[in-house]
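K.L.:
Sequence:
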Amino acid sequence: MTPLARQTALQTLATAAPPAAESKVAAIFREHGRYVFRLLRRLGVADADLDDVFQEVFVIVHRKLPELDPSVQLRAWVYGICVRCASDHRKRARTRREVTTDETIERVDAEQTTAPDALDALKAREILEGILRGLPDQKREVFVLYEIEELPMQEVAAALGCPLHTAYSRLYAARKLVEDGIRRARAHMGKP
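When you line the sequence shown up against this note's numbering, it's residues 4 to 195, in that order.
Please note: incorrect hints may appear among the correct ones.
[Claimed, not checked] In silico DSS-like cross-links for lysine-lysine, where the CA-CA straight-line distance does not exceed 30 angstroms: (1) LYS126 to LYS179; (2) LYS142 to LYS67; (3) LYS94 to LYS126; (4) LYS142 to LYS179; (5) LYS94 to LYS179; (6) LYS67 to LYS27; (7) LYS94 to LYS142; (8) LYS142 to LYS126; (9) LYS94 to LYS67.
Just so you know, the hints here were simulated from the structure itself, not pulled from any lab data.
Please work from the sequences and hints to get the whole structure.
P.N.:
Listed below in structure tokens is the structure:
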């Protein structure tokens, strides 16, 4: 999460929330902020728009928090908001016919010590992000939530508002598409 996104979201929460709601929303922000940012990126939000969509997610969290059913998993609820915000953003971007040209390169984890390992990890991450961008929205959402964010399938279905069996069938189809994408990337690189 960028410092700008964090500062903007905290300022919004501080000026708009009553004290009790502020502490609850701030706790949700601290607990889920990094995941929300990463999830939005993997759900196809352009790097240039991440801060705006990130803030939008937490404005909605603040606004809808009083309506939250206590029986609903908080994480699934937040991820459901992320999925809807990302989907809305992609629709608006498609309407505006935006073309992003800046690709932000993520830092490589500190535990990777050699330059070749770091480059391989960066290249693998770029390939996966490219494959994810090519997936249909509903399949990408299920794949990201289940395979990458490691949510239980019941929470994935709840976050997406679809039946459990539908979520499983979307995951199956998404896995096939990801496997095909990996095979194509390997063939392009000349690896078996």
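K.L.:
It remains to establish, for every hint, whether it holds in the given structure.
P.N.:
Structure-based check of all given hints:
no., hint, verdict
1, LYS126 to LYS179, "holds, 21 angstroms"
2, LYS142 to LYS67, "holds, 26 angstroms"
3, LYS94 to LYS126, "holds, 28 angstroms"
4, LYS142 to LYS179, "holds, 10 angstroms"
5, LYS94 to LYS179, "holds, 25 angstroms"
6, LYS67 to LYS27, "holds, 12 angstroms"
7, LYS94 to LYS142, "holds, 16 angstroms"
8, LYS142 to LYS126, "holds, 23 angstroms"
9, LYS94 to LYS67, "holds, 22 angstroms"
Of the numbered hints stated above, none is contradicted by the structure.
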